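Single-letter residue listing:
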Amino acid sequence: MALLEIKDLHATVGEREILKGINLKVNAGEVHAIMGPNGSGKSTLAQVLAGRELYHVTGGEVTYDGKDLLALSPEDRAREGIFLAFQYPVEIPGVSNMYFLKAALNTIRKHHDLPELDAMDFLERIREKMSAMNMDQTLLNRPVNTGFSGGEKKRNEIFQMAVLEPRLAILDETDSGLDIDALKLVAAGVNAMRSADRAMVVVTHYQRLLSEIVPDFVHVLAEGRIVKSGGKELALELEEGGYAALGLQDEAEAVSKA
Amino acid sequence: MMAVSQQIGNWLEQFTKQEPAESWLQKLRENAFTRFTELGFPTTRDEEWRFTNVAPIARTQFQPAVGSFAGAFSPPVGVELLFINGCRIQTELLELPNPLPKGVAVEDLPGAENHLGRYADYKNNAFVALNTAFLGEAAVIRVKRGTVLQRPIEITYQAQSSGAPFVTHPRVLVIVESGAQCSIVESYQGSGRPGAGYLTNAVTEIVAGDGAVVDHYKIQRESMDAFHIATLQVALGRSANFTTHNISLGGALVRNDIGVTLAEGSEATVNGLYLVNGTQHVDNHTVIDHAKPHGASHELYKGILDGRASAVFNGRILVRKDAQKTDSKQTNKNLVLSDDAVINTKPELQIFADDVRCTHGATIGQLDAESLFYLQSRGIGKAEARGLLTQAFAQDIIDRIKVPELKDQLEKVLAEKFHERSDH
Chain A
1 MALLEIKDLH ATVGEREILK GINLKVNAGE VHAIMGPNGS GKSTLAQVLA
51 GRELYHVTGG EVTYDGKDLL ALSPEDRARE GIFLAFQYPV EIPGVSNMYF
101 LKAALNTIRK HHDLPELDAM DFLERIREKM SAMNMDQTLL NRPVNTGFSG
151 GEKKRNEIFQ MAVLEPRLAI LDETDSGLDI DALKLVAAGV NAMRSADRAM
201 VVVTHYQRLL SEIVPDFVHV LAEGRIVKSG GKELALELEE GGYAALGLQD
251 EAEAVSKA
Chain B
1 MMAVSQQIGN WLEQFTKQEP AESWLQKLRE NAFTRFTELG FPTTRDEEWR
51 FTNVAPIART QFQPAVGSFA GAFSPPVGVE LLFINGCRIQ TELLELPNPL
101 PKGVAVEDLP GAENHLGRYA DYKNNAFVAL NTAFLGEAAV IRVKRGTVLQ
151 RPIEITYQAQ SSGAPFVTHP RVLVIVESGA QCSIVESYQG SGRPGAGYLT
201 NAVTEIVAGD GAVVDHYKIQ RESMDAFHIA TLQVALGRSA NFTTHNISLG
251 GALVRNDIGV TLAEGSEATV NGLYLVNGTQ HVDNHTVIDH AKPHGASHEL
301 YKGILDGRAS AVFNGRILVR KDAQKTDSKQ TNKNLVLSDD AVINTKPELQ
351 IFADDVRCTH GATIGQLDAE SLFYLQSRGI GKAEARGLLT QAFAQDIIDR
401 IKVPELKDQL EKVLAEKFHE RSDH
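If you read the protein sequences in the order shown, they are chains A and B.
Heads up: the first sequence begins at 1 in our numbering, then just goes up one per residue.
Heads up: the second sequence begins at 1 in our numbering, then just goes up one per residue.
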């Protein structure tokens, strides 16, 4: 049984239909890349899977680990092992990064009938993961993402993923705004998480992330549908020919046409 | 409408029953009471009281509080002055470990003759007039020239209700002489069984000498059926630095009038946090008076409103003709958690000097949907996420509190409050 199965998924924001029939099957252990021009619906798909209320699912179904995913609240999806690494992580002044992450981990542990961790155990547990992501202790004591640089925010997302150990990780444009060193660091963090019982969906506009996180499958999303699927070589094709080689247009045209 | 004479009758009876004081004080009381009878209680037709209806206070026959010391009550550690139902509890009774530190004196009223009533104006405020008319046991504290106090001066007013409505008129005068430095924590608390409510009618005057540094806190945790009306009037000397944090948590009907007068080069930080739920009403009126050049004032008031509660923020900043190079900033931010809560916010800038910088801004908003989703996407339940974000909104006021014990205590109180709110 697939870990995630999306069948004919339709979603709208306001009056506008953004997903127009997505089909996708992801097995545990696999890494799927979703590429596509700006405005094609990649981020919408990521947010719909995580349960963002802004988007309304108007058709289709999503099964996760045998359950009806769309019936679950965002928090229950997280507790069941879904993790979304945000394209634009939210700044939350007044909530410390440490408090936030400990609360998140303990809620998830409680959901699985595991004992909650106290501050000492928690710190012990995250120490190694912090140094792997080059996260300074001061970042932990600061409010969530507040005043973080773009790179620090992305590192914080992957660090959270490492701590929460999801079964399905969805990475939404995790490469955007990163220089090559930061990109390599983030990719190394993601690669360290690859395992036979974990699946990843990597949403990206550019091929360069996929040189670091090598996917098993690549799907091209355009105007709310997957128009082409293939192996990792499809990403290279796109890199050479661009989306235009597939007859696809980037954001500007797509928007003006809509 | 109830006749003014009828409102006054009960107070007149209390006033005439009061034991006479020495002549200067008796004269002050009499002048104040006369003024009170002229003014009567304000109504919503008074611009200053437009959104705060004190009719429930005007029509209640409050009795004078009976000072009683219930042995079961344990005072907060470090309290230096404790009043229960308006009556000062001698520290010996409490066997406190901390006698007053060096350089601090608790004075009798006669020593206060030159200051009492000089700052808080009873001529234009009926509640101040009433307080002054009943001036009896005041907390008068002098911090002597150049003294630097490490520990805060704590003044606690505890109301123990017992059924019938009663009134106390807490009066505080703190004289901080030139070059002295201190923190002052004023606490107002209610306990005992909920009854017909009570009225705390408080007036605090603070005089800071040249170069004095004063860090003031007022923590209002009255019973939920209490009326709390308070005036804080502060006079700053040259280059004095004054900070106040006004934290309002309890009370059914709360009004704070806060006034600060700056001298040349003085600096005032006037911050506040108000939390209201149910049918609570809180009204904060602040007046920052830049009388002389080179003064700076910073004002940040934040409010969290839930249920059918209501709040008022009215911030007047007066920059007089002489007060060139004034730098003044005012901000009022409100988080409104329910559809039925009401906030009225109004800045009032009156600027008569031409070389000044004054800014003001007010916001009214709800919890940020994107932040909520971010927390939920990490497994944190919606109710808990709301509580966390609400607490985070209050946190930047709490973070400014420099007395560590007070900060910890308030953090706990707020965490409990927001957790309790997140349960429904």
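Simulated from the structure, these hints should not be mistaken for laboratory data.
One or more hints might be untrue.
Quick list of in silico lysine-lysine cross-link-like pairs, BS3-like style, CA-CA up to 27 Å [to be verified]:
| no. | chain 1 | residue 1 | chain 2 | residue 2 |
| --- | --- | --- | --- | --- |
| 1 | B | Lys292 | A | Lys110 |
| 2 | B | Lys123 | B | Lys27 |
| 3 | B | Lys321 | B | Lys346 |
| 4 | A | Lys110 | B | Lys382 |
| 5 | B | Lys382 | A | Lys67 |
| 6 | B | Lys346 | B | Lys412 |
Residues of chain A clear of chain B, computed beta-carbon distances all greater than 10 Å [to be verified]:
| no. | residue |
| --- | --- |
| 7 | Gly66 |
| 8 | Arg77 |
| 9 | Leu114 |
| 10 | Val144 |
| 11 | Met193 |
As the structure is a prediction and not an experimental result, all values here were calculated from the model.
Just so you know, even glycine gets a beta-carbon here, dropped at the ideal spot from N, CA and C.
For this session: For the pair supplied as a hint, lysine 123 of chain B and lysine 27 of chain B, confirm whether the alpha-carbon distance does not exceed 27 Å.
Result: Roughly 14 Å between the alpha carbons, so the hint for lysine 123 of chain B and lysine 27 of chain B holds.
Problem set entry | Verdict on valine 144 of chain A as a residue remote from chain B, using beta-carbon distances over 10 Å | Violated, because the least Cβ-Cβ distance between valine 144 of chain A and chain B comes to about 8 Å, which does not exceed 10 Å.
Exercise. Given the proposed pairing of lysine 321 of chain B with lysine 346 of chain B, does the C-alpha separation stay at or below 27 Å?
Worked result: holds, 23 Å
Exercise. Taking 27 Å as the top limit, are the C-alpha atoms of lysine 292 of chain B and lysine 110 of chain A close enough?
Worked result: Violated - the C-alpha atoms of lysine 110 of chain A and lysine 292 of chain B are around 60 Å apart, more than 27 Å.
For this session: Compare the distance between the alpha carbons of lysine 346 of chain B and lysine 412 of chain B with 27 Å, and conclude whether the hinted pair is satisfied.
Result: This hinted pair is violated, its Cα atoms lying about 31 Å apart.
Problem set entry | 10 Å cut-off, C-beta based - arginine 77 of chain A kept clear of every residue in chain B | violated, 8 Å
Problem set entry | No chain B beta carbon within 10 Å of leucine 114 of chain A's | Given a closest Cβ separation of 13 Å, the condition holds.
Exercise. Minimum Cβ separation between methionine 193 of chain A and chain B greater than 10 Å?
Worked result: holds, 16 Å
For this session: Could you grab the alpha-carbon distance between lysine 110 of chain A and lysine 382 of chain B and see if it respects the 27 Å cut-off?
Result: holds, 16 Å
For this session: Compute the least Cβ-Cβ separation between glycine 66 of chain A and chain B, then decide whether it is above 10 Å.
Result: At roughly 20 Å from the nearest Cβ of chain B, glycine 66 of chain A sits farther out than 10 Å, so the non-interface label holds.
Exercise. Are the Cα positions of lysine 382 of chain B and lysine 67 of chain A separated by 27 Å at most?
Worked result: holds, 21 Å
Taken one by one, the earlier hints fail for this structure at numbers 1, 6, 8 and 10, listed in ascending order.
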